[in-house]
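Colleague: Spelled out, the chains give:
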Amino acid sequence: MRFFLVLALAATAAVPLTADLDAQKVNPRAAALLEFSKRTQDYMQLHERIAGELPPLAQTATPEQIEDHRRRVAEGIRAARKQARRGDIFTEPVVPQFRAAIRRDLQARDTRDALAALQEVPPTQTLRVNAPWPQSATRATVPPRILKNLHRLPHGLEYRFIGRHLVLVDSGANLIVDFITNVVPSMLRRR
Amino acid sequence: MRLNALLLGLVLAGAPAAAQQQVTLPCAEGSTRFGVIGDSGTGGREQYEVARMLDAARQQCAFDFVIMLGDNLYGRERPSDYEEKFERPYKPLLDAGISFHASLGNHDDPTQVNYELFNMGGERYYTFTKGPVQLFALDSTYMDPVQLEWLANELAKSNARWKIAFFHHPLYSSGQRHGSEIDLRELVEPLFIQHGVDVVFAGHEHFYERVHPQNGIHYFTSGAAAKLRRGNLRRNSPLTAAGFDRDRSFMVIEVSDDELHFHSISRKGETVDSGVIPRPEDHTPSAPTTR
Chain R
1 MRFFLVLALA ATAAVPLTAD LDAQKVNPRA AALLEFSKRT QDYMQLHERI
51 AGELPPLAQT ATPEQIEDHR RRVAEGIRAA RKQARRGDIF TEPVVPQFRA
101 AIRRDLQARD TRDALAALQE VPPTQTLRVN APWPQSATRA TVPPRILKNL
151 HRLPHGLEYR FIGRHLVLVD SGANLIVDFI TNVVPSMLRR R
Chain Z
1 MRLNALLLGL VLAGAPAAAQ QQVTLPCAEG STRFGVIGDS GTGGREQYEV
51 ARMLDAARQQ CAFDFVIMLG DNLYGRERPS DYEEKFERPY KPLLDAGISF
101 HASLGNHDDP TQVNYELFNM GGERYYTFTK GPVQLFALDS TYMDPVQLEW
151 LANELAKSNA RWKIAFFHHP LYSSGQRHGS EIDLRELVEP LFIQHGVDVV
201 FAGHEHFYER VHPQNGIHYF TSGAAAKLRR GNLRRNSPLT AAGFDRDRSF
251 MVIEVSDDEL HFHSISRKGE TVDSGVIPRP EDHTPSAPTT R
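Residue numbers (my numbering), protein chains in the order written: chain R, 1 to 191; chain Z, 1 to 291.
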């Protein structure tokens, strides 16, 4: 009897230790992606909150009203994210996963296909978090096979390429939210 | 005449007409008719000339709406640009109550989705039905899994007699500058085949091309409603059923329960191509009869 009691106590005592070990076993890649997901959702919640404080855009809105609405949303976001810096959303632990996903996709293509997939990407420009998407930059197609392999974004955020950089864009507010530099190999994009 | 222009002329189905074109559509009562313009938003003289010809075509055979294949506004998109590059050139059509339904191109700002006269309902991709036709406007600049899922669901739900998709980037193209969008094709075309999409319109290439049916689907590129990439069609391309890269162009379409008639017209009123596509009951390939 005493033997079983000792055994039971030992088992109980072991529970927290096991839990600690489990906690340590969390896949760091999954944790980084989860954090990325949370930060993109937090960003879009902020966007929605700021947009929600403005008079809603009517279905019959004129181009002036559409432009004004977007400007005010962008100003609100910029003010709320005054301290935002590169890497706030594409955090250091998650960046290698994006680089790897894009590298894997491009390596799976022959050179001609890889070049074709990115042929219309606009040339490199100076990027800054909270700056508008450069007016001179087209929104070149993001290769759908790459999109398929990147982490899903909440509605309103998009991945786009400029030069060799991957940019997270708030399409409604036309703002650069974050970016990762040089994700595309230099042999494919020299500009 | 240069040899390549002569060769291209041979693949054109219709002979150049006089300055004022005769629309070859049957213009039958009860049919659904629409115009097609791509890469239109330059605000330049050629856009206005094409717009005038589009209106002339409407006066011969009235259509209800126009689909826009992207690059609706090039360059800056200030409120004055909406006026100069859209509202003014198409004023006679807008005044006549013709609705425009846009898709986004790589030169378009996504806020266009909120512009009432583009009828996008605030969405980058959407669907609407006119008579026997259900049209699916897609955003080919950003074909993410969410849009693919939406497309699969909407196509599966559709009981329309005709399913027509339109978007900016052509899945098949003989353009020397861009060519076929293979990446996009890999993901989108299986859905088109599975769900019986009949006809696809795209722009991006600044010329007109009708591609031989691919997997039972009729593909048109009509991206020269303002811009032109002269001589850019690859000669002797096995894809090309008909092509025109010598001037700007647009299309008018008429759909009845069993047939789709198409007519591509140049800025000067020449018939670039015309024909009729019978609706296959089982969606197997069918070659159009050209006039």
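Please note: incorrect hints may appear among the correct ones.
List time: in silico SDA-like cross-link candidates among lysine to any residue, alpha-carbon distance up to 20 Å [what the hints assert, rightly or not]:
(1) R:K38 <-> R:A84
(2) R:K148 <-> R:L118
(3) Z:K91 <-> R:T62
(4) Z:K130 <-> Z:R279
(5) Z:K91 <-> R:A61
(6) R:K148 <-> Z:W150
(7) Z:K268 <-> Z:L93
(8) R:K148 <-> Z:R279
(9) R:K38 <-> R:P154
(10) R:K38 <-> Z:V146
(11) R:K25 <-> R:Q41
(12) R:K148 <-> Z:P145
(13) R:K148 <-> Z:K91
(14) R:K148 <-> Z:K130
(15) R:K148 <-> Z:R185
(16) R:K148 <-> R:A61
Hints listed in this document are in silico derivations from the structure and should not be mistaken for laboratory results.
Colleague: Straight-line Cα separation of K91 (chain Z) and A61 (chain R) no greater than 20 Å?
Modeller: Holds, at roughly 18 Å.
Colleague: Need the status of pair K148 (chain R), L118 (chain R): alpha-carbon distance at most 20 Å?
Modeller: It holds: about 16 Å lies between the C-alpha atoms, which stays within 20 Å.
Colleague: Can the restraint linking K148 (chain R) and K91 (chain Z) be considered satisfied, given a maximum Cα separation of 20 Å?
Modeller: violated (41 Å)
Colleague: Is the straight-line distance between the alpha-carbon of K38 (chain R) and that of V146 (chain Z) 20 Å or less?
Modeller: Holds, because 19 Å separates the two Cα atoms, which is no more than 20 Å.
Colleague: Are the Cα positions of K148 (chain R) and R185 (chain Z) separated by 20 Å at most?
Modeller: holds (14 Å)
Colleague: Are K268 (chain Z) and L93 (chain Z) close enough, with their CA atoms no more than 20 Å apart?
Modeller: Holds, at about 18 Å.
Colleague: Check whether the Cα positions of K25 (chain R) and Q41 (chain R) lie no farther apart than 20 Å.
Modeller: Outside the cut-off at roughly 25 Å; violated.
Colleague: What's the verdict on K38 (chain R) and P154 (chain R), does the C-alpha distance respect the 20 Å limit or exceed it?
Modeller: holds (10 Å)
Colleague: Between the alpha carbons of K130 (chain Z) and R279 (chain Z), is the straight-line distance 20 Å or under?
Modeller: Distance of about 16 Å is within 20 Å: holds.
Colleague: Quickly compare the C-alpha distance for K38 (chain R) and A84 (chain R) to 20 Å and report which way the hint goes.
Modeller: Holds, at about 16 Å.
Colleague: Please work out if K148 (chain R) and P145 (chain Z) have their alpha carbons no farther apart than 20 Å.
Modeller: At roughly 6 Å apart (the allowed maximum being 20 Å), P145 (chain Z) and K148 (chain R) satisfy the hint.
Colleague: Is K148 (chain R) close enough to W150 (chain Z), meaning Cα to Cα at most 20 Å?
Modeller: holds (14 Å)
Checked against the numbered hints given earlier, this structure breaks hints 8, 11, 13, 14, 16; the rest are met.
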